[in-house]
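Undergrad: Residues per chain, in single letters:
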Amino acid sequence: MTPMSPHLIWFIPLLPFAGFVVNGLLGRRLSKNVVTGVALFCTALPMLLALWLTATFRAEHLLSLVTGHHIWIQISGFQVLFALAVDHLTLVMLAVVTGVGFLIHIYSAGYMAHEEGYWRFFAYLNLFMFFMLTLVLAANFLLLFVGWEGVGLASYLLIGFYFKKDSAANAGKKAFIVNRIGDFGFLLAMFMMIAHFGSLSFGSVFAQVAMHPQLQGGFLTAICLLLVLGATGKSAQIPLYIWLPDAMEGPTPVSALIHAATMVTAGIYMIARCHVLFDRSALALGVVALIGALTAIFAATIGMVQTDIKRVLAYSTVSQLGYMFLACGVGAYSAAIFHLLTHAFFKALLFLAAGSVIHALSGEQDMRNMGGLRHRIPVTFWTMTAGVFAIAGFPGLSGFFSKDEILYHAFTMPGPMGKLLWAVGLLTAFLTAFYMFRLWYLTFFGAQRFEDHLADGHHGDAALVHARKDTHATVVAEPAHGHGVHESSWVMLAPLVLLAILAVSGGWIGIPMALGGTNHFEHFMYPVFSTSVVPHRMLQAPAVSYTLERTLAAISVLAAVLGLLLADYFYRRRPDALAKLVHNTRGLHVTLVNKYWVDEIYAKLIIMPLMMLGRYALFYGIDLAVIGGGTALSAAGVRGTGGLLRRIQSGNIRSYAGWLAAGAAIILAVTIFGRAILHIF
Amino acid sequence: MVPISYYLILAAILFSIGVGSFLIKRNVITIFMSIELMLNAVNLTFVAFAHMWGNLNGQIFVFFVMVVAAAEAAVGLAIIIAIFRTRETLSVDQVNLLKL
Numbered sequence: 010m011t012p013m014s015p016h017l018i019w020f021i022p023l024l025p026f027a028g029f030v031v032n033g034l035l036g037r038r039l040s041k042n043v044v045t046g047v048a049l050f051c052t053a054l055p056m057l058l059a060l061w062l063t064a065t066f067r068a069e070h071l072l073s074l075v076t077g078h079h080i081w082i083q084i085s086g087f088q089v090l091f092a093l094a095v096d097h098l099t100l101v102m103l104a105v106v107t108g109v110g111f112l113i114h115i116y117s118a119g120y121m122a123h124e125e126g127y128w129r130f131f132a133y134l135n136l137f138m139f140f141m142l143t144l145v146l147a148a149n150f151l152l153l154f155v156g157w158e159g160v161g162l163a164s165y166l167l168i169g170f171y172f173k174k175d176s177a178a179n180a181g182k183k184a185f186i187v188n189r190i191g192d193f194g195f196l197l198a199m200f201m202m203i204a205h206f207g208s209l210s211f212g213s214v215f216a217q218v219a220m221h222p223q224l225q226g227g228f229l230t231a232i233c234l235l236l237v238l239g240a241t242g243k244s245a246q247i248p249l250y251i252w253l254p255d256a257m258e259g260p261t262p263v264s265a266l267i268h269a270a271t272m273v274t275a276g277i278y279m280i281a282r283c284h285v286l287f288d289r290s291a292l293a294l295g296v297v298a299l300i301g302a303l304t305a306i307f308a309a310t311i312g313m314v315q316t317d318i319k320r321v322l323a324y325s326t327v328s329q330l331g332y333m334f335l336a337c338g339v340g341a342y343s344a345a346i347f348h349l350l351t352h353a354f355f356k357a358l359l360f361l362a363a364g365s366v367i368h369a370l371s372g373e374q375d376m377r378n379m380g381g382l383r384h385r386i387p388v389t390f391w392t393m394t395a396g397v398f399a400i401a402g403f404p405g406l407s408g409f410f411s412k413d414e415i416l417y418h419a420f421t422m423p424g425p426m427g428k429l430l431w432a433v434g435l436l437t438a439f440l441t442a443f444y445m446f447r448l449w450y451l452t453f454f455g456a457q458r459f460e461d462h463l464a465d466g467h468h469g470d471a472a473l474v475h476a477r478k479d480t481h482a483t484v485v486a487e488p489a490h491g492h493g494v495h496e497s498s499w500v501m502l503a504p505l506v507l508l509a510i511l512a513v514s515g516g517w518i519g520i521p522m523a524l525g526g527t528n529h530f531e532h533f534m535y536p537v538f539s540t541s542v543v544p545h546r547m548l549q550a551p552a553v554s555y556t557l558e559r560t561l562a563a564i565s566v567l568a569a570v571l572g573l574l575l576a577d578y579f580y581r582r583r584p585d586a587l588a589k590l591v592h593n594t595r596g597l598h599v600t601l602v603n604k605y606w607v608d609e610i611y612a613k614l615i616i617m618p619l620m621m622l623g624r625y626a627l628f629y630g631i632d633l634a635v636i637g638g639g640t641a642l643s644a645a646g647v648r649g650t651g652g653l654l655r656r657i658q659s660g661n662i663r664s665y666a667g668w669l670a671a672g673a674a675i676i677l678a679v680t681i682f683g684r685a686i687l688h689i690f
Numbered sequence: 142m143v144p145i146s147y148y149l150i151l152a153a154i155l156f157s158i159g160v161g162s163f164l165i166k167r168n169v170i171t172i173f174m175s176i177e178l179m180l181n182a183v184n185l186t187f188v189a190f191a192h193m194w195g196n197l198n199g200q201i202f203v204f205f206v207m208v209v210a211a212a213e214a215a216v217g218l219a220i221i222i223a224i225f226r227t228r229e230t231l232s233v234d235q236v237n238l239l240k241l
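Line order of the protein sequences matches chains S and L.
Using our numbering, the first residue of the first sequence is number 10, and each one after it goes up by one.
Using our numbering, the first residue of the second sequence is number 142, and each one after it goes up by one.
Heads up, a few of these hints could be off.
In silico SDA-like links for lysine to any residue, alpha-carbon gap of 20 Å or less [said to hold, decoys possible]:
(1) L/Lys166 / L/Leu180
(2) L/Lys166 / S/Ala666
(3) L/Lys166 / S/Gly660
Note that these hints are calculated values from the structure, not bench results.
Bound-form chain S, shown alone (with noise of 0.2 Å):
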């Protein structure tokens, strides 16, 4: 690497940015192609340039590059550089977001071909693929938290894009505010990063914690909270986890780029980026992978009712997210960032797909309403199928090596507590494996659904003896041009294909030793990580704990087969099984329907309560009385004030003359006794 290189990384974010500016302010008057080529060019070429600095890292044996030192703020003895920092963590992210974002924007470009606002997509893509890059690139809190806001920004406009729908325009509303709640912790915990350790880098705050074994807890697990909140808003957690199936509204590439393979792994990043700070607080790691546990199970249990199939695929997200959260909660970051990378193949491939899909029916999103898909659409069906199989976790697939790997950790954490984690975890998987094959059966096997509209109860899902309560969302409107069932352009399948090859085969890199291959990506990460003080299993003695491992992948492989056999037997065999069993599991199943009612449960206790300290406190009291009353009283004043003076002003001009010789007479008054006067005080 030449000393000037370094400076090229600064290109990885600068280049979507000016593919946005160029989009963003002539892609109005631009052909189609022209802003399809500069979206395009803008992504590729970052892509290209973080495989040349992988390559640059591997051939010098690089661990870390920190470029730029331009001040950005400086108060007294506080400053903030605008610096970029890579290391083997940022070299996965940038292939992740510089990998799949290129691959959805050549999907998008055949998706989104008949929308109005071509331009304006694909200028907010590349605003967010630039705002993505610098949250992975940056070298500071600082920087992170801006790259943080600016994909939230990107999020907002991008699931309000077809803004003409309410519920698009509430949905990006939501997703904005409920990620406020987030950043607000993320802002107190930079804050008291300030407070103690005078900087907001990466490397100053790090190495002070470091230098000081003693600190434990404290205000570290304060800071360590604060920035799980923050994170549970980003990735989608409980208790923010609310925004993300709403956030299905936007385009359907949008959920594939934003809302599961890139930005909602921010938290799962920044998580890992702080893990010196966790490693020091046993309660905050704890959290984490309670919440990662309790989102992993709750979400996947709202999967398996859900008829659209996108939201589907939504809550399926929010569980995995957990996933990661537990891993990273357990103190296996590595295997959190395995979990990462691969969902974030197999994740975006289930939703470009799912948009295949959504596209071969003109924008029918209800699963009730498809059925027998598989040879209408072959390719769609293949390369779904090979993202359905990954996430359920069959052996040989991406899914299932990141997957069993957090479960294996979480197994061996010591304490009780780490085999609680991998009993949930491995419920989920089982019900993970159950929703993504019954998707797949109500998508692409049984009869035909899509021709006699809204099909009655006697076959399909159950889930239709009670229709869904909640009105938005379901009958949709993207994008449709009304022609029969058929395939995607090439365009949009060679994406698909791509990323399937992927999702089958990304997980190769991170085989583990007990499964014979050489855990590649433990050891890729190994030089980021080896400062976590949490045991750490990359240097374990071979062969003690390889039956443990290999036990633990044969019962989760079971899960999965448990769980495909059981959809089959619902969704294929025996929907009248099915029927019944909703039937008798009425209350459960309209819970699950419901999703638990945690929307109308926190709109009545939080947004509501708000809404009337809104309404009466700050409209009623402070906005109309206080400042519109004290305005309106001063108005009042001036012109009661005015309506006395104006007479003054009567139009006769002996009026005038006489106020003329009153005043001179005061004047000649004030100089004559007006110093005799003085003297007298």
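Use these hints to put chain L onto chain S, whose structure you have.
TA: Just chain L, lined up with the frame of chain S:
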């Protein structure tokens, strides 16, 4: 030699008459004449003080005032004629259209 106070008292009386008739009279021409009276009262004080100090500045100032008064008389009479042509009155109380 007449003491300066005599001049000043005379000027004050003249000025007061001017002010008083300015306030009391309704006829524009009379008002105009009272303005001239006030100007000349001031002129008188100028000349008196110039004589007292043996300084010509006051005398020269009087010429300026007279020139301005002459110019003012020309403009003022023109305005008075214009008012009379349009309103057919010279009473200032009826020239009050500026007030709405």
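Undergrad: Give a verdict on every hint.
TA: Now for the hints, and whether the structure bears them out:
1. Taken as a hint, the L/Lys166 and L/Leu180 pair is honoured in the structure, with Cα atoms around 17 Å apart against an allowance of 20 Å.
2. Between L/Lys166 and S/Ala666 the alpha-carbon distance is near 11 Å, which keeps this suggested pair within the 20 Å criterion.
3. Under the criterion of a C-alpha separation no larger than 20 Å, the hint pairing L/Lys166 with S/Gly660 is consistent with the structure, at around 16 Å.
Checked against the numbered hints given earlier, this structure breaks none of them.
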